[in-house]
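There are 6 protein chains.
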Amino acid sequence: MGVEVVTFGETMIRLSAPDFNRLEQANSFEVFVGGSESNVAVCVQRLGIDTAFVTRLTDNPLGRMVENKIREHGVDTSDIVWTDEDRVGKYFLEYGANPRPSSVIYDRSNSAISKAKKGVFDWKEVFAGGDKTLFHTSGITPALSKSASEVTKEAMKAAKDAGLLVSVDLNYRSKLWSQEEAKEVMTELMEYTDILITTEEDTERVFDITGEDYSEVAEQLAREFKFDVVAITLRDNVSMWRNDWAAIAYSEGEVYKDMTYELELVDRVGGGDSFTGGFLYGYLASDGDVQQGVEYGNASSSVKQTNPGDMSWASLEEVESLIEGGGRVRISR
Amino acid sequence: MGVEVVTFGETMIRLSAPDFNRLEQANSFEVFVGGSESNVAVCVQRLGIDTAFVTRLTDNPLGRMVENKIREHGVDTSDIVWTDEDRVGKYFLEYGANPRPSSVIYDRSNSAISKAKKGVFDWKEVFAGGDKTLFHTSGITPALSKSASEVTKEAMKAAKDAGLLVSVDLNYRSKLWSQEEAKEVMTELMEYTDILITTEEDTERVFDITGEDYSEVAEQLAREFKFDVVAITLRDNVSMWRNDWAAIAYSEGEVYKDMTYELELVDRVGGGDSFTGGFLYGYLASDGDVQQGVEYGNASSSVKQTNPGDMSWASLEEVESLIEGGGRVRISR
Amino acid sequence: MGVEVVTFGETMIRLSAPDFNRLEQANSFEVFVGGSESNVAVCVQRLGIDTAFVTRLTDNPLGRMVENKIREHGVDTSDIVWTDEDRVGKYFLEYGANPRPSSVIYDRSNSAISKAKKGVFDWKEVFAGGDKTLFHTSGITPALSKSASEVTKEAMKAAKDAGLLVSVDLNYRSKLWSQEEAKEVMTELMEYTDILITTEEDTERVFDITGEDYSEVAEQLAREFKFDVVAITLRDNVSMWRNDWAAIAYSEGEVYKDMTYELELVDRVGGGDSFTGGFLYGYLASDGDVQQGVEYGNASSSVKQTNPGDMSWASLEEVESLIEGGGRVRISR
Amino acid sequence: MGVEVVTFGETMIRLSAPDFNRLEQANSFEVFVGGSESNVAVCVQRLGIDTAFVTRLTDNPLGRMVENKIREHGVDTSDIVWTDEDRVGKYFLEYGANPRPSSVIYDRSNSAISKAKKGVFDWKEVFAGGDKTLFHTSGITPALSKSASEVTKEAMKAAKDAGLLVSVDLNYRSKLWSQEEAKEVMTELMEYTDILITTEEDTERVFDITGEDYSEVAEQLAREFKFDVVAITLRDNVSMWRNDWAAIAYSEGEVYKDMTYELELVDRVGGGDSFTGGFLYGYLASDGDVQQGVEYGNASSSVKQTNPGDMSWASLEEVESLIEGGGRVRISR
Amino acid sequence: MGVEVVTFGETMIRLSAPDFNRLEQANSFEVFVGGSESNVAVCVQRLGIDTAFVTRLTDNPLGRMVENKIREHGVDTSDIVWTDEDRVGKYFLEYGANPRPSSVIYDRSNSAISKAKKGVFDWKEVFAGGDKTLFHTSGITPALSKSASEVTKEAMKAAKDAGLLVSVDLNYRSKLWSQEEAKEVMTELMEYTDILITTEEDTERVFDITGEDYSEVAEQLAREFKFDVVAITLRDNVSMWRNDWAAIAYSEGEVYKDMTYELELVDRVGGGDSFTGGFLYGYLASDGDVQQGVEYGNASSSVKQTNPGDMSWASLEEVESLIEGGGRVRISR
Amino acid sequence: MGVEVVTFGETMIRLSAPDFNRLEQANSFEVFVGGSESNVAVCVQRLGIDTAFVTRLTDNPLGRMVENKIREHGVDTSDIVWTDEDRVGKYFLEYGANPRPSSVIYDRSNSAISKAKKGVFDWKEVFAGGDKTLFHTSGITPALSKSASEVTKEAMKAAKDAGLLVSVDLNYRSKLWSQEEAKEVMTELMEYTDILITTEEDTERVFDITGEDYSEVAEQLAREFKFDVVAITLRDNVSMWRNDWAAIAYSEGEVYKDMTYELELVDRVGGGDSFTGGFLYGYLASDGDVQQGVEYGNASSSVKQTNPGDMSWASLEEVESLIEGGGRVRISR
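Protein chains in written order, with our numbering: chain A, 1 to 333; chain B, 1 to 333; chain C, 1 to 333; chain D, 1 to 333; chain E, 1 to 333; chain F, 1 to 333.
Pulled out of the complex, with its shape left as it was, chain A reads as follows (with noise of 0.2 Å):
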């Protein structure tokens, strides 16, 4: 029971304003701890599978804080590489409500993970011990630099060297690169993606894809980077405090789906991984079924929303029983 899915990316400080409070007009921030792979990477490890996330990070308080968060859940945090150099990355939140939606303000340039260069992490030993199945990444970490789009293809190279599935967000961020740019660079290392999870935005702003619908969409997709498995994620805005969630997937002609959540908002950031997390639990767990990482993902993704905070703390149990009550839970007491 050795640590068996690894994901790599950034993971930054992150400052919401509190009740509703515009940042320009906040007295005090919350903190929090997340990024899109470590979101990822807790959300497996409470489901379940012993999890490694893998960055690179500042020495200081500030940097001790992000590892202390992500391990809280009892990831692995040991191939985190420290520099006394550079800076930890934060990010601004604020909490929106109709007609003014959240929005966030990013201060993550220079951070370290996005001056890593090739070499700074010894892939072959993290990806070493035979118990590793899958490698997980996102879009966002070669949008954060060129050294870092570099570290992220050698990392995918040696995690499919080793045996691993290797499964990608697209997570397209406009504030980070040009699309031609994403483009570019997301073209080759779908070469070594067997799983991708994604929305029909970003496909079409990546890849130019569109489709009639997100079937469709996600059958493109597979076809044409030769996918074992694309699920597409699709949110509804309702309003800023009412959601609709609902995804699919698409493997080998085949498309799966599952019910849509009608969600009270209370924190969306972080609800994409968490369906990743969820999905990536239930489809490891069943050894490949695709229909049950798609019902693991929405469930997991549906309880996450309901928390602040980018990461879940959603356990098995109440995924499951979310699940089986199609949506629906009583409180007990």
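Hints in this document: simulated from the structure, not taken from any laboratory. None of these values were measured; they are calculated from a predicted model. Be a bit skeptical, because a hint or two may be false.
Note that identical chains are pooled: a pair holds if it fits in a single copy or bridges any two copies.
Within a straight-line C-alpha distance of at most 30 Å, the following computed DSS-like cross-link-like pairs (lysine-lysine) qualify [claimed, not checked]: (1) K118 x K160; (2) K175 x K118; (3) K257 x K90; (4) K257 x K146; (5) K90 x K115; (6) K124 x K160; (7) K257 x K117; (8) K226 x K157; (9) K118 x K257.
Based on the hints, put chains B, C, D, E and F in the right spot on chain A.
Below, chains B, C, D, E and F alone, put in the same frame as chain A:
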């Protein structure tokens, strides 16, 4: 204008995770005090009928906090029995958001009241004085322990002997006892009960009584146990933040109905108790007008569910203007 | 680029119970500063037209806080008159949840501005400088006291003499004066008024004017008082957390309409003032385009109602992108 | 075991800036309730003698909060007179740190109690019942207004007529009246006074009485006004966070002394009142042992000054173990 | 670099009243996690030696929080035994201010660890692996219950059998057992103990051993029980906010001393545990240099007592720079 | 009465861990805004001389917050240059307790001001208008970057050309540049400097100048660089919560001294800046009375160090009554 209503049961320190944090992630807990029977006492007292609450408490700052927060509203606490033994019960509350339900962790075992034995309370003295009109307890109190069950029966008998009306909220708690245990004990206690407040669900779980609709359930209960009045509340969980609230009562062949309130839910806990409090006030203040009981109960409950904490902070004026306005009131300035 | 808009009235310290606590149960109050006319000033200033606010304040930390929080947004406060006498007005706010409405306790009697007498302000000096374009006040200011009423008239006259446009928000406050008093005073002040902002309800309460719909009411007002523009706002209280917001304007025979905004309400107080601020900005910045006034007013008000506090924290960019997006904006990252 | 001690005066909502923030910079205020005479009542009640507090309050959530927070400790509030007029007094507190002193802004003008007129309270009824032993008020109450001064005299006379002891805390407040006014009124009231609690400084400011040390001052006071007992407290402001506290009493030719407490100051406000409360308890519970009064007064005051808020939260056990330990107690676990 | 140090005991949810509020008056509690043996584990781990903590916990959000907060610092928690029975222990903390001491209410009865029985832990497995060097527990663990006492002995024996050093913090808790019980049980456990950490006071209470000074006490202990090392800590309560901290150790005829630290106390709880943690780190990292143990212990403890919570957040760098600076460090910027 | 004093430098968002939490353990951060030169501006403005602050800021909510919090005090911010590029500097503050010092993490690299280039500011315009008397900056500004250093020199030259006095706080920051770099740049800038404020330590680190006592150091500095006035501040860290504060000045052969203030430290950061602000006010308001400068500087600094945040909230009245009272003021009520 001495004390007219006496309630009896357990009151706990309640610790709630703020701002929709999961209990597991909380860095602070909001402190409240709550328990079904003292919630009823506070509600009745605030509306204008003098009330006393009886329990057994450990004499330490937490026990004193329980007493303080009840008498803050004017409830008479002079018959509370104090001990240096045992502990003060606690419970932990996590507020829900769709599809995650609110949830409760009870930590009430071995509390001072659950350890109370027959003879600890001088019921004759408690019910003396001539002003006492009604004794209220709930199905939680006998569920706490064998001895608490005996004390409950002792109290109800004494109340009847002293010529008081006895009302009971059935309040089945599956975490405290089984349906079989509940059925046995509660059936016996119904002998001393004049007014029963309950839900369809609890009726089925405890007495195996079901019906077409809740009027029929009320009627069956009244017939079987010869109650003066049966009130049945109905909560419809539209979502975690939106509930519909309604209640009816049955008395001597007649069904009493009222409007349905559309609630924006701040805190559902104690909503049933504030129905009971409002019902008892309305019923007693009108010398037995059941319709008024139902209306005051519903309005009282609806207001309570919009503030944090188990207890009602509604005023009589507020409840009455809500009834008059058919459930709508405007900001006045 | 000197000050173009001058507003005049009372600003109070506002104390709100956090987290939907009832005022009676609060253990802390959030501190804000608010008043109809300074709310307007802040809104206009933030959108890009230099603004000054005039009032009379007691020179103590609370009075200084009032000035601070207004000039925090860049509003010129150099014409505020300071005194060692009297007090700083306060009000207490309780946020509502269905069916409990938000409620306000005013504690503003004997405030420094209500004690101001004619001659205390040097209006000639206030309106000097050539850049001044518009003077704004509301029906609250004359309602504060007899002398405040006289000072209001004095100010309006001086503004007209200095060649400024005068706008008034009718803002009837039943806790400050009767409808009869309001009618008498406001009728007289309408003589100096070019732009009136109000609601159907206030129009009826103060001027006994009603109509088929709010276009008709606006038209009647304009005809009777010879206003350049009348704007009428309409709030539909779907629930305490969901309001619909709309407004129209009437000018020289034409009715100007806009979309209806579906608001998730964080704080409704100041919503009207941020309509006024947005309207005045849109109208003045376009040299009198009433349609633009209505659109900027609605967008400005809608954003403001999603943050705590009386004051708008919206930027011009935000307001304009809301108008362009037809009321919808997405999280960008 | 009916009410033995009755106190009378004004209780305010107190708003304190947290964490040593200046009032002018505060974003929230902590909410407490305090007033010299109710602070005394709470302290006496907590130590074990039943007590009632009499005042006049505006019937709104803030007025009810005042009553709630007093009866939270068990004080009888049934003789409070309620009105829909006037307002609830407030004060704002800023905690000091060397060399910046703590400071207070009173906002109590036109409060309901300051507007009380003779005849508003039924003193005969208040003092009826046979258990009443002592009436307490302070020099703040008559300073509130001319009519409050008359009511104070009315109350003291009625107390004497009913055979009660009367105690007064001289409590000179320069923000409420001049030394001349105070001298005139207080001299008259001393006629009905049996026990005076004061400081050297107030004695000089109100009565022009000075002495070599505080024993001498006490003796002069006792001689001039024929008091049974005079107690004088002495606070030495070592710094804002460290005070020394001591007190003596004089009675029938004898001086009663006690140790000096070295206080780590959390909140000095109400320190004198908790001396008075402890003194009255010690004195009454021992049937007039002045030495015990001084010791209980000092210990009670010392404990109170270590918690936020005007009111004492000390228990009798705590006070007595402090007296026994000579001012030192250890963490027990 | 596997786990070298294993600690075993009870960890509780700790609820502290903020801002020097009395427990009885608190409106919220700060949530921490603490227990003597996990405090030691966290401290050792942070300084750089890999550590595991063993306990038995109830599987609910509170139990998971206990695990989370320990592994947040990197401590291995994989040998924790989970149960659906029993409860998670709690304690309530009130911070003191002169002359009011800090105080604690334990609410730990029937906790999962107190219910643990022999055989529940697989000690052979726990101590396997070859890296394990030292086992640590305290006198609290056997005091929890008869069965906990048996399990403690079982663990110590197994540790000795596996060739580990065994260290014990005597930690007498009068609220858990009598001096007689403690003496009997602890005397037996001393047989397996190599390193004892204690105070003069506990030595006297448990073993009736006293001496001229604490060197002598240490020597007597070492002689009587044949310890390798005895460390004795001395806290001088100058006041509640100012303590002096010192410790010495005795080993094989030699006394090891260090400077006295003048502490500004933020939170004294866990101060002894962070001495133990620092001592064990210093001692083990230097392969048995007792002087280094004492110095690291004192510096570690001193830093810990300046932050809220039971646990140390000190880094090795911080501890070492404090030792080098002779107890003084400057703000660097 | 136009702007007389202009200051120039970097202002950051400051995030402080509350309640003595370590940065690594914080769950929320208090938000302040601070920077040496704007702290000076705020202090001078509050005391009564109109002041402007110049910097370059990124145009987002965090940049606007910086401007807001400065103009909240009335400082003119109209010459701030805005950009869509770069970032807003931040710093993290941990409050100390003996023996743990306060500590700071700077996160200011690549801030908008550090990226400013010559020509970005129109210094002629900034210093125009005839009221400008003094320009102030600190040794932090040129340390930010090469280009910031050039801009600083540009500004100082322009100030001299415009006939202004120039004052500089030497403020050496070892985290920003080496002593060698500082010496080279600062020596050059001293040519344009009339008033230098510094410490003995910084004088030694930057200029290698030492002396018997701080009078001698001041004299040497004045002689070497031909300053009109040199002021030297001395902080004695009695402990983290108790500092002694003193300062002297030297001017034209004369040494000006003042009392030593015993501070209870709430927040030391900005203490030097509020000395500078007080000094400049006292010096300018008296047309060059250096003694008054020192006294106002010390009192201003002392008050500031008792409130959280970098900025002074002192009033002129407060500062003057502290000077008159020889450092002691009483609570007045």
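Consistency of the hints with the structure:
Taking the closest pair of Cα atoms, K118 and K160 come within 30 Å of each other only inside a single copy of the chain (17 Å); across copies the shortest separation is 47 Å, beyond that limit. In the homo-oligomer, the alpha carbons of K175 and K118 lie at most 30 Å apart both inside one protomer (24 Å) and across protomers (29 Å), since each shortest distance falls under that limit. In the homo-oligomer, the alpha carbons of K257 and K90 never lie at most 30 Å apart, since the shortest distance is 36 Å inside one protomer and 43 Å across protomers. When the C-alpha separation of K257 and K146 is checked against a cutoff of 30 Å, the pair qualifies neither within a copy, at 37 Å, nor between copies, at 51 Å.
Taking identical chains as interchangeable, the C-alpha atoms of K90 and K115 lie at most 30 Å apart whether they share a chain (15 Å) or sit on different chains (20 Å). Taking the shortest alpha-carbon separations for K124 and K160, only the intra-copy value of 11 Å comes in at or below 30 Å, while the best inter-copy value is 38 Å. Proximity of K257 to K117 under the C-alpha cut-off of 30 Å is found in neither arrangement, the shortest distances being 40 Å within a copy and 48 Å between copies. Taking the closest pair of Cα atoms, K226 and K157 come within 30 Å of each other only inside a single copy of the chain (16 Å); across copies the shortest separation is 59 Å, beyond that limit.
Taking the closest pair of Cα atoms, K118 and K257 never come within 30 Å of each other, the shortest separation being 40 Å inside a single copy and 50 Å across copies.
In terms of the numbered hints stated before, the structure departs from hints 3, 4, 7, 9, listed from lowest to highest.
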